[in-house]
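Undergrad: These protein sequences, in sequence, are chains E and C.
Using the working numbering, read the first sequence as starting at 1417 and increasing by one per residue.
Using the working numbering, read the second sequence as starting at 1396 and increasing by one per residue.
Mixed in with the good hints there might be a few duds.
Stated by the list, open to error - Below, in silico cross-link-like pairs of lysine to any residue (SDA-like), each with a Cα-Cα straight-line distance of 25 Å or less:
1) C:K1488 <-> E:I1559
2) C:K1488 <-> E:P1810
3) C:K1488 <-> E:M1646
4) C:K1423 <-> E:K1451
5) C:K1423 <-> E:D1567
6) C:K1488 <-> E:K1451
7) C:K1488 <-> E:W1647
8) C:K1423 <-> E:D1775
9) C:K1423 <-> E:I1559
10) C:K1488 <-> E:P1568
11) C:K1423 <-> E:P1568
12) C:K1423 <-> E:W1647
13) E:K1451 <-> E:W1794
14) C:K1423 <-> E:P1643
Just so you know, these hints were derived from the structure itself, not from any lab.
Chain by chain, the residues:
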Amino acid sequence: MPTFNDLWLVSPSLLLFFGALVIMLAEAIVRPASKSGFSAIAMVVLFASAGLTASLYGSDPASAFGGMLRVDKFGLFSQLICLIAGMLAVSFSNDYLERLGLRVGEYYALVLFGVMGMGLMAQANDLIMVFVSLEVMSISMYILCALKRADPRSVEAGFKYFILGAFSSGLMLYGISFLYGGVGTTSLPGISAYFMGPHAPGQEGVLVAIGGALLITGFGFKVASVPFHMWAPDVYQGAPITVTSLMASGVKAASFAAFARFVFGVVGAHVSGFTGVLWWMAALTMVVGNLGALAQRDLKRMLAYSSIAHAGYLLMALSAAAEGSARANPALASLLYYLLAYTFMNAGAFIVLAAFTRDGADNTDIDALAGLGKRKPWLAAGLSLCLLSMAGIPPTMGFVGKFYLFSAAIQSGNVGLAIVGALAAASGVYYYLRPMVYMYMKDGHAETESSPAAYAGLAVSGFALLAFGLIPGPMLAVAQQSLQSLFG
Amino acid sequence: MESVGLVPVLVVSVFLFVTGVAGVLTRKNALIVFMSVELMLNAVNLSFVAFARQSGHADGMIYAVFVMAVAAAEAAVGLALVILLFRNRVTVKLDDLDTMKG
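Start from the sequences and build out the full structure, keeping to the hints where you can.
TA: Next up, the structure:
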């Protein structure tokens, strides 16, 4: 039986769950005119959940539900990133959906369910729990992608995401079953103990090797790393902009948290050849993501490739972290910091893109940006700041994050990988600066529309990018501190 | 009655799984692809149950139930998406899903 303490440890997720239920029930009885209130409810629930997460952060790490979850600072920090991604997505959802002609309450319920899955995934301490929470997150996302039911692109995006998502969970699950067969348990500490002990050669070793490989393939799909990235551009382009924003940052943060727990605590340096696989995945992802983005004229598609490139930088940190020690691991701390930075800059960019949506259709072609600098200087400034941060130009959070990622990679001896990454990132500056040329040096008259809430979301993102970029010390210290209880 | 050992069950499971993967990668009809995914999940269940019986722990059997529950949720959403696709495009051929390029 779950004890009261167990329930307290998962209270942030429980709150999201009940919030989503309330919205779903209210959707059935409330008059259409008052449905804009749902976004306020979702926002309040996300805020309260973030508050609970923050209050749990101070307590000692603990296991909940028979070891299924491990509520530690690493998981809570990752959960907080997912909640922030959710809040920023909700901030510009209401008027965006209105302009798309979608007045639906279930949108907010699904966002809350999705964010709940993300938070649980970041804290899962058992592979079965990783799988279940991943599905809670993914199934919500499949539906959200296809939310624009009359738009063939949106439906196509949802369907592609569903087929590849289900396929990758199948691979992952088969990997879990093989690991279970080889090791006899699916709990991460149990598997870790197996790898620490003397390796049993023969039948068992084969099962564990196949299981690990399938599991990594599954994670590779979820974080959109090369060679499992081909779904990302289509899905990101077809989905509603708010959903793309949540997918790019929240899903990525949760998947990376679970992946890091698995790689770092369980496999890590104990398995030879494993870091080599991560090395190649990281290098290819950085190169393919950045080169793919160069040719894009659709900004959503460009940001999709840019998100693949960012997954590459994060994989580089993971590859470096796998070789480090538990307590003071700069690579893992920089991974957390960069995930937070990515959440802000990604949401900010999408908030500005959503402003161009009119009469039920998105307008994310780069030509739409022409002349934005004169007509809407604040929107243009916000987008510029986010793009500069993605390109890694000081004094933004993206610069600090990239600096620590690359220096951690070099410290751990991955100089070659850091060089590949730096070259790829340098070519990325071109496509991040091109939208700014359109905004400030061309004339155009695309109409924009933004609600005060969307401006608030953009302001928060911009402020965070500048503040944590100029004074990175405190946030880095928090990220560093978050690792202390990981597998303590 | 003589019981079947672990290896024959695993062979069936691997066969099912490979059939599923091949189906997802080569078939062009959305429904067949979806069926192939379900085949993969059934292969997973079979291997979970086989391993659980081998080790004598009940964990694996419970996981198979988890997987079935998730597969049911996935099937509900997946079939809804197929219907939505058909309404929009009057086709369920994956080759026709090419509105986005680049």
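Undergrad: Now tell me if each hint is right for this structure.
TA: Consistency of the hints with the structure:
1. For the given pair, K1488 of chain C sits about 20 Å from I1559 of chain E by alpha-carbon distance, which is consistent with the 25 Å threshold.
2. With a C-alpha separation of about 48 Å, the suggested pair K1488 of chain C and P1810 of chain E falls outside the 25 Å cut-off, and the hint is violated.
3. Pair hint K1488 of chain C plus M1646 of chain E holds up; C-alpha atoms about 18 Å apart against a cutoff of 25 Å.
4. Distance check on the hinted pair: K1423 of chain C and K1451 of chain E sit about 40 Å apart at the alpha-carbon level, beyond 25 Å; violated.
5. For the hint linking K1423 of chain C to D1567 of chain E, the alpha-carbon distance of about 22 Å falls within 25 Å, and the restraint holds.
6. Taken as a hint, the K1488 of chain C and K1451 of chain E pair is broken in the structure, with Cα atoms around 37 Å apart against an allowance of 25 Å.
7. With a C-alpha separation of about 17 Å, the suggested pair K1488 of chain C and W1647 of chain E falls inside the 25 Å cut-off, and the hint holds.
8. In summary, the hint linking K1423 of chain C to D1775 of chain E is not supported, as the alpha carbons are separated by about 35 Å, beyond the 25 Å threshold.
9. As the CA atoms of K1423 of chain C and I1559 of chain E are separated by approximately 22 Å, the hinted pair is consistent with the 25 Å bound.
10. Note on K1488 of chain C and P1568 of chain E: the hinted pairing holds, with a Cα-Cα distance of about 14 Å set against a maximum of 25 Å.
11. Between K1423 of chain C and P1568 of chain E the alpha-carbon distance is near 18 Å, which keeps this suggested pair within the 25 Å criterion.
12. At roughly 16 Å between alpha-carbon atoms, K1423 of chain C and W1647 of chain E fall within 25 Å of each other, so this suggested pair holds.
13. Of the supplied pair hints, the one linking K1451 of chain E and W1794 of chain E is violated, its CA atoms being roughly 29 Å apart against a limit of 25 Å.
14. A C-alpha spacing of about 21 Å is found between K1423 of chain C and P1643 of chain E, which places the hinted pair at or below 25 Å, so the restraint holds.
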